[in-house]
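Which chain is which? The protein sequence lines are Z and W, in order. Just so we're aligned, residue 1 is where the first sequence starts under UniProt numbering, counting upward by one. Just so we're aligned, residue 1 is where the second sequence starts under UniProt numbering, counting upward by one.
Do not rely on the hints blindly, as some may be mistaken.
[To be verified] Negatives, chain W to chain Z, calculated, CB over 12 angstroms: (1) 4; (2) 25; (3) 26; (4) 27; (5) 28; (6) 32; (7) 36; (8) 37; (9) 40; (10) 48.
[What the hints assert, rightly or not] List of simulated lysine-lysine pairs, DSS-like, C-alpha gap at most 25 angstroms: (11) 398(Z) to 472(Z); (12) 221(Z) to 92(W); (13) 426(Z) to 474(Z); (14) 426(Z) to 472(Z); (15) 487(Z) to 458(Z); (16) 91(Z) to 221(Z); (17) 399(Z) to 469(Z); (18) 92(W) to 91(Z); (19) 92(W) to 82(Z); (20) 349(Z) to 399(Z); (21) 136(Z) to 92(W).
Please keep in mind that the hints were generated in silico from the structure rather than gathered at the bench. Beta carbons are placed, not taken as given, at the ideal position from N, Cα and C, and that holds for glycine.
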Amino acid sequence: MSRTDWEVVIGLEVHSQLNTASKIFSGASTAFGAEPNAQASAVDIALPGVLPVLNRGAVERAVRFGLAIGATVAPKSVFARKNYFYPDLPKGYQISQFELPVVQGGAITIRVGEGDKAYEKTVQLTRAHLEEDAGKSLHEDFHGMSGIDLNRAGTPLLEIVSEPDMRSSAEAVAYARALHALVRWIDICDGNMQEGSFRCDANVSVRPRGQEKFGTRREIKNLNSFRFLQQAIDYEVQWQIERLEDGGTIQQATVLFDPDSGETRMMRSKEDAHDYRYFPDPDLLPLVISEEWIARVRSELPELPEAMKARFVADFGLSAYDATTLTASKEVAAYFQATVDAAGKANAKLCANWVMGELAARLNKAELDIAASPVTPAQLAGMVSRIADNTISNAIAKKVFEALWNGEGGGSADAADQIIDQQGLKQVTDSGAIEGLIDEVLAANPKSVEEFRSGKEKAFNALVGQVMKASKGKANPGQVNELLRRKLQA
Amino acid sequence: MSLSNEQVGHVARLARIALTEAETEATRRKLDGIFGLIEQMQAVDTTGVEPMSHPQELATRLREDAVIETDRRAAFQAIAPQTEAGLYLVPKVIE
Numbered sequence: 001m002s003r004t005d006w007e008v009v010i011g012l013e014v015h016s017q018l019n020t021a022s023k024i025f026s027g028a029s030t031a032f033g034a035e036p037n038a039q040a041s042a043v044d045i046a047l048p049g050v051l052p053v054l055n056r057g058a059v060e061r062a063v064r065f066g067l068a069i070g071a072t073v074a075p076k077s078v079f080a081r082k083n084y085f086y087p088d089l090p091k092g093y094q095i096s097q098f099e100l101p102v103v104q105g106g107a108i109t110i111r112v113g114e115g116d117k118a119y120e121k122t123v124q125l126t127r128a129h130l131e132e133d134a135g136k137s138l139h140e141d142f143h144g145m146s147g148i149d150l151n152r153a154g155t156p157l158l159e160i161v162s163e164p165d166m167r168s169s170a171e172a173v174a175y176a177r178a179l180h181a182l183v184r185w186i187d188i189c190d191g192n193m194q195e196g197s198f199r200c201d202a203n204v205s206v207r208p209r210g211q212e213k214f215g216t217r218r219e220i221k222n223l224n225s226f227r228f229l230q231q232a233i234d235y236e237v238q239w240q241i242e243r244l245e246d247g248g249t250i251q252q253a254t255v256l257f258d259p260d261s262g263e264t265r266m267m268r269s270k271e272d273a274h275d276y277r278y279f280p281d282p283d284l285l286p287l288v289i290s291e292e293w294i295a296r297v298r299s300e301l302p303e304l305p306e307a308m309k310a311r312f313v314a315d316f317g318l319s320a321y322d323a324t325t326l327t328a329s330k331e332v333a334a335y336f337q338a339t340v341d342a343a344g345k346a347n348a349k350l351c352a353n354w355v356m357g358e359l360a361a362r363l364n365k366a367e368l369d370i371a372a373s374p375v376t377p378a379q380l381a382g383m384v385s386r387i388a389d390n391t392i393s394n395a396i397a398k399k400v401f402e403a404l405w406n407g408e409g410g411g412s413a414d415a416a417d418q419i420i421d422q423q424g425l426k427q428v429t430d431s432g433a434i435e436g437l438i439d440e441v442l443a444a445n446p447k448s449v450e451e452f453r454s455g456k457e458k459a460f461n462a463l464v465g466q467v468m469k470a471s472k473g474k475a476n477p478g479q480v481n482e483l484l485r486r487k488l489q490a
Numbered sequence: 001m002s003l004s005n006e007q008v009g010h011v012a013r014l015a016r017i018a019l020t021e022a023e024t025e026a027t028r029r030k031l032d033g034i035f036g037l038i039e040q041m042q043a044v045d046t047t048g049v050e051p052m053s054h055p056q057e058l059a060t061r062l063r064e065d066a067v068i069e070t071d072r073r074a075a076f077q078a079i080a081p082q083t084e085a086g087l088y089l090v091p092k093v094i095e
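Isolated chain Z, as found in the complex:
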């Protein structure tokens, strides 16, 4: 049997919780973790006669997102009722947007893979619309009943819908990560996935490569980590391909991912799919967003990751890879920028190496966010400057960094200088002193000298090592190399 070459097609819908203080249609708090139903107002629990009043802060965040992805911010958009019955939806409908969403179009550039295999890709967005979240159902045993907490009901969401542009789980995860970084970058969502502030639904289908028509898709609901997103898509793709290769067909369905088994299972088929019967909500007039408002939001936008990346490449001479890594989150970018500001543009590459290397590794090991780094950008810049002016070597810098990490050096911006002075770590660049060390080493290692003279280059490196050791790592390695070779060839 000839194997078909299958192409994977993925589109994502992301529910991003907007970080407003109050709910989208009521003045109740959105704070996480309150007593059940303590933040559910009359509007949120849908008492008769209440009316929704739209939160300006929620709209402004949607506008900010639209501008950040180069989308059209609709001058006029409409709220609609999405009708379904579920106990955590007290009105019997969710207020959402259907035909006229607030954000239309736009695109996000993603970087997929690592090293030589890395590539860039642009994912088109279909739309982003404002809607309210539902409450929570607790199915633990309450005498055979379910418990309902409506604190989350009415929390503002921006549902961000992509085109079916992704062709692998890796691309889907790269897109989700880029989106996650962006909503935090422009400060519209806290991005806390454990608390459900950023939830992904993945529409997955497969088709024989070359076929234009999309295959039948299944939608995986409510993935709240990038790892689950990847696992769920990989499992689903495999499941669909196996089924098709066994001569079966795919039925449109909604499925859930079970993290314990790593499998997706059907939640409902197309036959009992919801029929939402959308219609414009008569309680809400159209949302009108003026040119002036859009212009003001635009003027308040921070420098966006794409622009910053380009600037890092153009102004600092960083590689595209370094620039991408350093703009992966707002916090990392801010840390790096502050380090370069203090160390000078000429040392930007050195700053990048330390932020992405030693610092990232230490933060990772200590499970710390860069914002909580014990080494401040000013301190790191102070150390980088000493590497740049040859006061310390890279090897000694690791010692200095370790001391900075442990809070030595007094904690001020010149902590690195204090450490270098106190611990006598200054690089030895006095040729006389280095030559003295070399003479000692040559006298103590006649065998290595012999080997080198008989053509063994390895012996040379061993001698360099000995000299460095004798200097306690403080000799300038370049100088040691040069002086040693001169002496041996004399």
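Starting from the known structure of chain Z, fit chain W onto it as the hints suggest.
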């Protein structure tokens, strides 16, 4: 256009309304009447006319993003049929 009783049954189910056979038949006749009106309206040429989402030519008012509600759970739950640990209890639903 004419609806079937099955279609009426489907719409009733979606709206969680229980209809007897006689009611289904009566409802179907009423709905057919409404669809007759819609058919008449659809005959009008609306090319170039912006769809109307609200009869008033107004924009929605916006409120500032501020928390102005206080916890009124005790008052709200006093009229709920059943509550426990601050939760409203409902017949078990698992999807």
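For this session: Below or equal to 25 angstroms on CA atoms is what counts here, so check residue 136(Z) against residue 92(W).
Result: holds, 13 angstroms
Exercise. Can we trust that residue 25(W) is non-interface, i.e. its beta-carbon lies farther than 12 angstroms from all of chain Z?
Worked result: holds, 22 angstroms
For this session: Would you assess whether residue 4(W), listed as outside the interface, keeps its beta-carbon beyond 12 angstroms of every beta-carbon in chain Z?
Result: holds, 16 angstroms
Exercise. Are the Cα positions of residue 398(Z) and residue 472(Z) separated by 25 angstroms at most?
Worked result: holds, 14 angstroms
For this session: Compute the least Cβ-Cβ separation between residue 40(W) and chain Z, then decide whether it is above 12 angstroms.
Result: Per Cβ check, residue 40(W) is outside 12 angstroms of chain Z; nearest 20 angstroms; holds.
Problem set entry | Assertion that residue 27(W) lies farther than 12 angstroms from chain Z (Cβ) | About 16 angstroms separates residue 27(W) from the closest Cβ of chain Z, which puts it past 12 angstroms; holds.
Exercise. CA of residue 92(W) to CA of residue 82(Z), is that 25 angstroms or under?
Worked result: The hint holds at about 23 angstroms.
Problem set entry | Assertion that residue 48(W) lies farther than 12 angstroms from chain Z (Cβ) | Check passes; 17 angstroms lies beyond 12 angstroms.
Exercise. If you draw a straight line from the CA of residue 91(Z) to the CA of residue 221(Z), is it 25 angstroms or shorter?
Worked result: Holds: residue 91(Z) and residue 221(Z) sit about 23 angstroms apart, inside 25 angstroms.
For this session: With 12 angstroms as the threshold, tell me whether residue 36(W) passes as away from chain Z on beta-carbon distances.
Result: Fine: 20 angstroms to the nearest Cβ keeps residue 36(W) off the interface.
Exercise. Is it the case that residue 28(W) keeps its Cβ farther than 12 angstroms from each residue Cβ in chain Z?
Worked result: The claim stands: residue 28(W) keeps its Cβ more than 12 angstroms from every Cβ of chain Z (closest is about 18 angstroms).
Exercise. Per the stated criterion, does the least C-beta distance between residue 26(W) and chain Z lie above 12 angstroms, as a non-interface residue requires?
Worked result: Fine: 21 angstroms to the nearest Cβ keeps residue 26(W) off the interface.
Violated hints: none; the structure is consistent with every hint.
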